[in-house]
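**Student:** What follows is each chain in one-letter form.
There are 2 protein chains.
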Amino acid sequence: MITYSEQTRVLVAVDCIIFGFDGEQLKILLIKRGFQPAKDQWSLMGGFVGADENLYGAAERILYQLTGLKDLYLEQLKAYGSPERDPIERTISVAYFALIDINKYKTQISDRYHAEWFLINDAPSLIFDHDIMVEEAKKRIRYKAALHPILFELLPKKFTIPQLQNLYEQVYNTKIDNRNFIRKVNSTDLLIKLSEKDKSSSKRGAFYYTLDKNKYKAKFQSFLNFIPNPEHLISM
Amino acid sequence: MITYSEQTRVLVAVDCIIFGFDGEQLKILLIKRGFQPAKDQWSLMGGFVGADENLYGAAERILYQLTGLKDLYLEQLKAYGSPERDPIERTISVAYFALIDINKYKTQISDRYHAEWFLINDAPSLIFDHDIMVEEAKKRIRYKAALHPILFELLPKKFTIPQLQNLYEQVYNTKIDNRNFIRKVNSTDLLIKLSEKDKSSSKRGAFYYTLDKNKYKAKFQSFLNFIPNPEHLISM
DNA sequence: AAAAATAAACGTTAATTAGACGTTTATTAT
DNA sequence: ATAATAAACGTCTAATTAACGTTTATTTTT
Chain A
1 MITYSEQTRV LVAVDCIIFG FDGEQLKILL IKRGFQPAKD QWSLMGGFVG
51 ADENLYGAAE RILYQLTGLK DLYLEQLKAY GSPERDPIER TISVAYFALI
101 DINKYKTQIS DRYHAEWFLI NDAPSLIFDH DIMVEEAKKR IRYKAALHPI
151 LFELLPKKFT IPQLQNLYEQ VYNTKIDNRN FIRKVNSTDL LIKLSEKDKS
201 SSKRGAFYYT LDKNKYKAKF QSFLNFIPNP EHLISM
Chain B
1 MITYSEQTRV LVAVDCIIFG FDGEQLKILL IKRGFQPAKD QWSLMGGFVG
51 ADENLYGAAE RILYQLTGLK DLYLEQLKAY GSPERDPIER TISVAYFALI
101 DINKYKTQIS DRYHAEWFLI NDAPSLIFDH DIMVEEAKKR IRYKAALHPI
151 LFELLPKKFT IPQLQNLYEQ VYNTKIDNRN FIRKVNSTDL LIKLSEKDKS
201 SSKRGAFYYT LDKNKYKAKF QSFLNFIPNP EHLISM
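Protein chains in written order, with full-length UniProt numbering: chain A, 1 to 236; chain B, 1 to 236.
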């Protein structure tokens, strides 16, 4: 019988970088740890991979435990495995990032985790290498969103073009020309215009739109261009 | 003292998808396993992560053990963690892909590994989930090479534009218009023209070029466009 | 020694796209 | 009524792209 008897086994965890948008601000969901190690410090939501779980499944479970939500946009970012990253015991962490519409999120699913949304530019510093994970996740999202329509995953069912533009402006930390932006968005043909208007943020009101799910899926891999010169904006 | 006593530990390995180019053909380096499990079958080169190694370091070591080469282009692809992926015992594998100039490679560094280069489209099927890793690595390279000059990592110090074009044609499995290709390559300003010509593949001969390392590093993150409509070619 | 063959390298053009910027419109507040 | 304002639509120029044509350097053939 063959075994790998010589080898050391290590812990494997999944950590989730959870981005959310409430229609106005881009945020990240962090937990104040009610447990050891690093009790009372802020960290990403995470957990060990169960014996019968694959990595994606573990990420889904962890996300569900915190948010009560399923079928979220969830993508593997990277595996982190520096030997000293967890001071208690060597742990490999596979980081996933998730994009969610904050309105779908109901607060305080479990009181094992005290979770809080933070503005993306005003979050506390985190344990272990979690700050690095967040930075790399931000870069990944900026990179990917420059080419593919992932940011729609952050928006509610119906949303306005100014809201969408605001989201892009926050992700890239830049001002976008609204006349060109509207034109580009419309030219993708991904949106369906509704008759209803959102009057909350202007006198004239802005029409609501909804994502055409089929076209979204079909065109997801195509290269978009909502952001001029994205390469200059990705790594900031 | 805090411990993670409840948790199961698992094996963590690194597997390398090694792409090479000999000036004419795009290849992948595989090993015929001289050891258990799956002895005598083809697989990617891999190994367990050592107690004091980080993941990237383990990948470098594994690559060095097989090829004798250091400082190669090496990038994490993804972590694979399906519970049944290794039938002997649960093992998380972190896959890395490497790009190397085959001319640098000296055969048979160690006889623990019988390694062989295979044409990218004519490789044997591999153990475990290694075929999936190779497919995903190919996609990743097609995606990345459409935007960034990574394919230069596969070329020798001096190379001709027809060679470069041939490499792109193999990666994307498509014919490229040579007049547009030359112009695009020149417009990047990444290459330095040498006075010497390669006469081996045409009567007229093609000038050798060499990569301007500084410009390469500086412009690596910019978006290139050597390939028209890459999105149609990435996932084939 | 001239002619043919051929890949390499350079050039042209038309269509499309991108980005800068101007104008109109619907609505509310004054 | 008028002013104010964000939303939405429009225009123009420059840059980029891709399709396609031409010349050139060299070797092989005659």
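No lab work stands behind these hints, which were simulated from the structure alone.
C-beta: ideal position from N, C-alpha, C; glycine also.
There may be inaccurate statements among the hints.
Cβ pair distances, simulated, as ranges [as the list claims (entries may be wrong)]:
1. A:D22 / B:K184: 42 to 48 Å
2. A:F223 / B:G68: 44 to 50 Å
3. B:T210 / A:F220: 37 to 43 Å
4. B:S125 / A:K139: 31 to 37 Å
5. A:T174 / B:F118: 45 to 51 Å
**Student:** Enumerate the violated hints, using their earlier numbering and listing them in ascending order.
**Tutor:** Hint 2 alone not satisfied by this model.
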